[in-house]
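Visitor: Here is how the chains run, residue by residue.
Number of protein chains: 4
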Amino acid sequence: MSSLNKKFPRLMPRPIVKGMKVADLIDGTFKAYNGGRLAEACRLFTEKMIAGNGLVGMSLTGALTPAGLGCSSIVPLIKAGLVDWIISTGANLYHDLHYGLGMNLYAGSPFLNDVELRRDGVIRIYDVLFDYDVLLDTDAFVRHVIQGEEFQRTMGSDEFHYLLGKYVAEREKKLGIKETSVLSAAYQYGVPVFTSSPGDSSIGMNIAAMALRGSKLLIDVNRDVNQTAAIVYGAKSSGATSSVFILGGGSPKNFILQTEPQIQEVMGIEERGHDYFLQCTDARPDTGGLSGATPGEAVSWGKIDPENLPDCVVCYADSTITLPLITAYALSKASPRKCKRLFDHREESYTLLREAYFKHGQVEKIEHRTDLAKKPKRGRSGRSVSGTKR
Amino acid sequence: MSSLNKKFPRLMPRPIVKGMKVADLIDGTFKAYNGGRLAEACRLFTEKMIAGNGLVGMSLTGALTPAGLGCSSIVPLIKAGLVDWIISTGANLYHDLHYGLGMNLYAGSPFLNDVELRRDGVIRIYDVLFDYDVLLDTDAFVRHVIQGEEFQRTMGSDEFHYLLGKYVAEREKKLGIKETSVLSAAYQYGVPVFTSSPGDSSIGMNIAAMALRGSKLLIDVNRDVNQTAAIVYGAKSSGATSSVFILGGGSPKNFILQTEPQIQEVMGIEERGHDYFLQCTDARPDTGGLSGATPGEAVSWGKIDPENLPDCVVCYADSTITLPLITAYALSKASPRKCKRLFDHREESYTLLREAYFKHGQVEKIEHRTDLAKKPKRGRSGRSVSGTKR
Amino acid sequence: MSSLNKKFPRLMPRPIVKGMKVADLIDGTFKAYNGGRLAEACRLFTEKMIAGNGLVGMSLTGALTPAGLGCSSIVPLIKAGLVDWIISTGANLYHDLHYGLGMNLYAGSPFLNDVELRRDGVIRIYDVLFDYDVLLDTDAFVRHVIQGEEFQRTMGSDEFHYLLGKYVAEREKKLGIKETSVLSAAYQYGVPVFTSSPGDSSIGMNIAAMALRGSKLLIDVNRDVNQTAAIVYGAKSSGATSSVFILGGGSPKNFILQTEPQIQEVMGIEERGHDYFLQCTDARPDTGGLSGATPGEAVSWGKIDPENLPDCVVCYADSTITLPLITAYALSKASPRKCKRLFDHREESYTLLREAYFKHGQVEKIEHRTDLAKKPKRGRSGRSVSGTKR
Amino acid sequence: MSSLNKKFPRLMPRPIVKGMKVADLIDGTFKAYNGGRLAEACRLFTEKMIAGNGLVGMSLTGALTPAGLGCSSIVPLIKAGLVDWIISTGANLYHDLHYGLGMNLYAGSPFLNDVELRRDGVIRIYDVLFDYDVLLDTDAFVRHVIQGEEFQRTMGSDEFHYLLGKYVAEREKKLGIKETSVLSAAYQYGVPVFTSSPGDSSIGMNIAAMALRGSKLLIDVNRDVNQTAAIVYGAKSSGATSSVFILGGGSPKNFILQTEPQIQEVMGIEERGHDYFLQCTDARPDTGGLSGATPGEAVSWGKIDPENLPDCVVCYADSTITLPLITAYALSKASPRKCKRLFDHREESYTLLREAYFKHGQVEKIEHRTDLAKKPKRGRSGRSVSGTKR
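Protein chains in written order, with my numbering: chain H, 2 to 391; chain L, 2 to 391; chain B, 2 to 391; chain S, 2 to 391.
Some hints could be false.
Since copy identity is lost for identical chains, a pair holds within one copy or between any two.
Straight-line C-alpha distance at most 20 Å; calculated DMTMM-like pairs for lysine to aspartate or glutamate [what the hints assert, rightly or not]: (1) Lys334 to Asp25; (2) Lys80 to Glu151; (3) Lys217 to Glu48; (4) Lys80 to Glu48; (5) Lys7 to Asp134; (6) Lys7 to Glu150; (7) Lys49 to Asp25; (8) Lys8 to Glu349; (9) Lys19 to Asp134; (10) Lys339 to Asp121; (11) Lys217 to Glu151; (12) Lys80 to Asp345; (13) Lys19 to Asp345; (14) Lys49 to Glu349; (15) Lys7 to Asp345; (16) Lys167 to Glu151; (17) Lys22 to Glu171; (18) Lys8 to Glu117; (19) Lys22 to Glu349.
Bear in mind the hints are in silico, worked out from the structure with no lab data behind them.
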């Protein structure tokens, strides 16, 4: 007889009953396969990632805000202080504006006749529908806002989204609506929002067109790279954990992960990598869809310490199912945290990283070390990389 | 301005709050993409499939019982009268025996060292673990039971599983456990359980080996084909609807769907096909993984009436996530139904179908009709096929 | 500096040039990810599976014959003696009949209007189109043939398909066509063809309906389980290797793999399992779509010896792409083999297995052994299971 | 009888024979499912996209260059003049440097022990292996090069990659190697290479770190947005077609598609959208993995004219399989084209677009038009958008 009973819990689910709460269903019946991973994700987020005031970064890809996950899940997580910083595709932030500006989106179907939709001036994102005017009005809002004086300079995307969020919040207030928009909530709660591909979305397209007309607005990509690393470094150097909550994949995933190699490998500052890793995705490593970002693969890069592998959870399922479940679980099981308002401290954290870079860092090739097994767990190290270095 | 607001509901989710119940979360926040499909699936099952005492057949593929979904979801659905008949892979029924026989399975991990597991005599099904003895003891139970007199003949798989379920129920009673096994619950509630591939599982393997030793037990595949068609015909001819709830795909999926073409095309009896279609799968039509079974494709076969397409829902997500959610939703929103105990009526329904076949059916080639558009909705028809005809 | 160069080939592809042959493209440029797996699959098949006159079994799922892979790939492999036995879904054999009976299928599109198709009497399998008459005429052929005297009994599916194939071959001859049908080629070259789910397809449906009209034809599932095990046992006990070439998954996959546990675990005959494992699929282990059948997972079951893991290749890609490539590679790189004509020896191999079972086998619980590490590589063993035991 | 034979080719593949060439295999046996799509992709590329000197843009995501597809496929396509401009992830360009700098990558396995790899200083990208020094040396190369005077300014990513490619080409020459690197080949043949997420990769990370040390290099995202639109506008306004060849998805996919809405919607210049669309991906629309970018969905946005839908091909398969096949087909079936050297004309095309914008464009909200059905095929139009507008 093996000693399975000493190492693993017995798999004996509870029968489902009428009126069950989300957290009870997850704890009682999600036991194996992706259901098991989802339960582990809920517990990882609730018991480890947000514990001890740990830093939580979230990356957003896929049509999350069009699907209403901004209002239902991300804004409540921001309000509860459970998400500290965000990297998003431009598309998610552009479509978030529709909600913040009080426009109407509709729950349609993926099986409609697109030729008829086009004739009727209806735009479709999979099964989300809205009038063509929603695009035009949102574009007009962006173009109008960015003509303001405060936008006439080179700035990080966090700063740009903060300024934009201020105008969304104003519009929300004027319309008598609230908690509809990620950008507005992020502004109000001081949550920095970055984009890894600033030109890639209607927001970036309008900024670019206005640049031809004399606008001085330009997103400073270098600042974004260093500022995101500064956020992680600020947390880690203060003794807090750093966690990533990755919805989908794409360049936001890579951008949130590369903060650690930026600190360690490129800047040469000693650090040990993200502590907790939670991903909901449908991409697969073997096709290259998850290239470089499975927790297992990351061990070879030193992105993740093998000791932390049990704290890495990948759930292969649609974020439109997993995010509401994880949010409901976390809000039910954990207490709200005080918002860190990291945006308010962007200059301090940036300065802290730059000083560490100048003090410890180097631009020369770091001497090669293969005897990593012998390095002390938290000692001096030329290389204890973490995150995605691509 | 389009008239979207007249045709579709506004997509405006509710913010998630502490202590939320499953049904409220699904109705309030699952609005688009597979989340939207899952919410539609919940409502389709609860508001249409089980309404008016409609017939509900369920097909089981993938490692559902090893993952604990027998105990958590399928048994409660059987008890509540919400599932009337079942087609399963042999593997799901074999592993269901472990639960019914009081054996221990463990919630492990997919990332264990299989060489070490083997050395320690531990069996792994993805992330479900158990001792090798569990296999040997389950095999011994099957071999012992099928040596009984009542098993010494050719019979349908529904009859075989009913007899087997009786012994599982006895063992459960002796062990002082209950509601652990699909086979036991199906026996107790008169739910017929078929398998589409009777030789394909440890159960079938033990039956085959015992046949070499003189056992007379043989599964009558022809009876299964006709009996499953009889169940559907019995419901439809009495005016009830017939629905399929498909978990995964594979041959159980096809077997549950082919009941309609068996009635209409092969037997030549007038019928109009399954009314509601609900599938949770990760297979894709373009790779052939869903060959022939998407609702859209089925329209060309006449398997599904185009008018019923809105009542066909496919949710691309893992059954270990979707089945508990749908079960919790249904048990919360719907009242239990009186069990139909279809097994008790297997001879009557079989006779009813045979008589209809001899009366109306034909073995000659059915005359070709292309002018299907003109046929009356419920009138006489040589071809209003439904289900998968492969 | 590591010693990578001693263990692995340098990854340096050849530039693609005009007029390149398939085998050169695969060897020269398919180096990593699923491309790399496909190249490994080609070499595994060509250099190991068919070497030394090893036994090669193939399992067929997904719409392979409708897509034309019967004519293009499977028939040429049978003719060249590179496939010795087959397990197929019923659907693949049913649609194979269309080709063998000289009917017309068309290369259409998956994006057609199914309502219009149905109105026009056109059947669609994803992007394959044909007239409704094709179904009716094929059904009529099956019903006509199985009324013959030779079909009036219980028989294995290999025997049934052999008899059916004879009539297809006759029809081919009469029509002046050849090498269009898997069933016909299998008949001509003595390749046994089984189905794991005999009731699940239009063939099984017509057999079942005719049973109501007095036909005595019944597929003997027990014989199929034992006969498939006998084929593998025959090869292995003569010193040859046994390989599986799995297209897709489903119950044919399991049925081909379970031959080994049938021999070892259920019959208690010493054996060591399939030697080479090649699978092209789009199913995934984590969703249960590949439940129990990844080579890695199989190690814990003892299905595959850890020493053979390098000889297990899974390529996650559509069989409509991979099968022609593997076939072209194998036919280009390997010489044809003399056909084994296993069907002609079905009684001998069956008798051989039965005798071994009666001599060595046991029906009692096999004593539990965990100290598998110590067992001799080819010595006496109560458990050296291989294949899928579900 | 339907008229299928008038509308579609009969599906009758050729049997595969020894020594078959790639193009013959594809034309003769790739008939349905993703195999069929791949054959359509080959013909779309060869017969339409590159015909009439049409513009071909390619987007690169997933680990293509690590897998050797740079050397094997992309460089030969560039040399043959079949790819005119490129948008890539930073990772593909970073790993391309290893090849151009003569470093060694190895064809390994995805199943290695990452803890041991890390101990030995080996980096793993799925199944591609290399020494940690490869990263350090590549970083050092980037940092050294960008300290040059010509890099001390704000510039588009096309210009940056051109300058970088010059140094790679120099290194190749010094090392006596050639045609190993996409960046080098793009430099030599004047193919502009953009990245949509300039901060997201080791290249961007090193640029950002050097910015802290006084480097003046900053990627001008606005210029990239407008320059890519200018390339498309230049082709279309000269009467040529514009095609996209999308490998994977992600932000490069969106960036290549958004060129059309940038011209039409944001700049208000009349245009009609990309003419041909070819994508190889494993992402799925229903999970949001393909959000907004299926050809069908794009019709509702006006991104693609419904009349062009037959010219949109999506093949769901791994680029490591499809790209070599498409490349071999195209090089075999088509003649090389004279390279367009678009990089040499970047200022002219940029000026042309800006002038059109100032002449025809507008920043006010474009009046809403729903009666799109009536608009003339090539007439004046406020909205005939094409591409992804997110």
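Visitor: Each hint should be assessed against the structure and marked as holding or not.
Guide: Against the structure, the hints come out as follows:
1. Lys334 to Asp25: both (10 Å within a copy, 17 Å between copies)
2. Lys80 to Glu151: Classified as neither: same-chain Cα gap 27 Å, cross-chain 47 Å, threshold 20 Å.
3. Lys217 to Glu48: Neither way: Lys217 and Glu48 sit 45 Å apart in one copy and 44 Å across, limit 20 Å.
4. Lys80 to Glu48: within (19 Å within a copy, 35 Å between copies)
5. Lys7 to Asp134: between (62 Å within a copy, 17 Å between copies)
6. Lys7 to Glu150: neither (65 Å within a copy, 42 Å between copies)
7. Lys49 to Asp25: Classified as within: same-chain Cα gap 19 Å, cross-chain 27 Å, threshold 20 Å.
8. Lys8 to Glu349: neither (46 Å within a copy, 49 Å between copies)
9. Lys19 to Asp134: Neither, since 44 Å and 36 Å both go past 20 Å.
10. Lys339 to Asp121: This pair counts as neither: shortest intra-copy Cα distance 47 Å, inter-copy 43 Å.
11. Lys217 to Glu151: This pair counts as within: shortest intra-copy Cα distance 10 Å, inter-copy 23 Å.
12. Lys80 to Asp345: Within one copy, since 16 Å is at most 20 Å while 51 Å is not.
13. Lys19 to Asp345: neither (46 Å within a copy, 28 Å between copies)
14. Lys49 to Glu349: Neither: 27 Å inside a copy, 56 Å across copies.
15. Lys7 to Asp345: Classified as neither; 48 Å inside a copy, 45 Å across copies.
16. Lys167 to Glu151: Within one copy only: 12 Å inside, 39 Å across.
17. Lys22 to Glu171: neither (36 Å within a copy, 33 Å between copies)
18. Lys8 to Glu117: between (59 Å within a copy, 14 Å between copies)
19. Lys22 to Glu349: neither (43 Å within a copy, 43 Å between copies)
Hints 2, 3, 6, 8, 9, 10, 13, 14, 15, 17, 19 from the earlier list are contradicted by this structure; the remaining hints agree with it.
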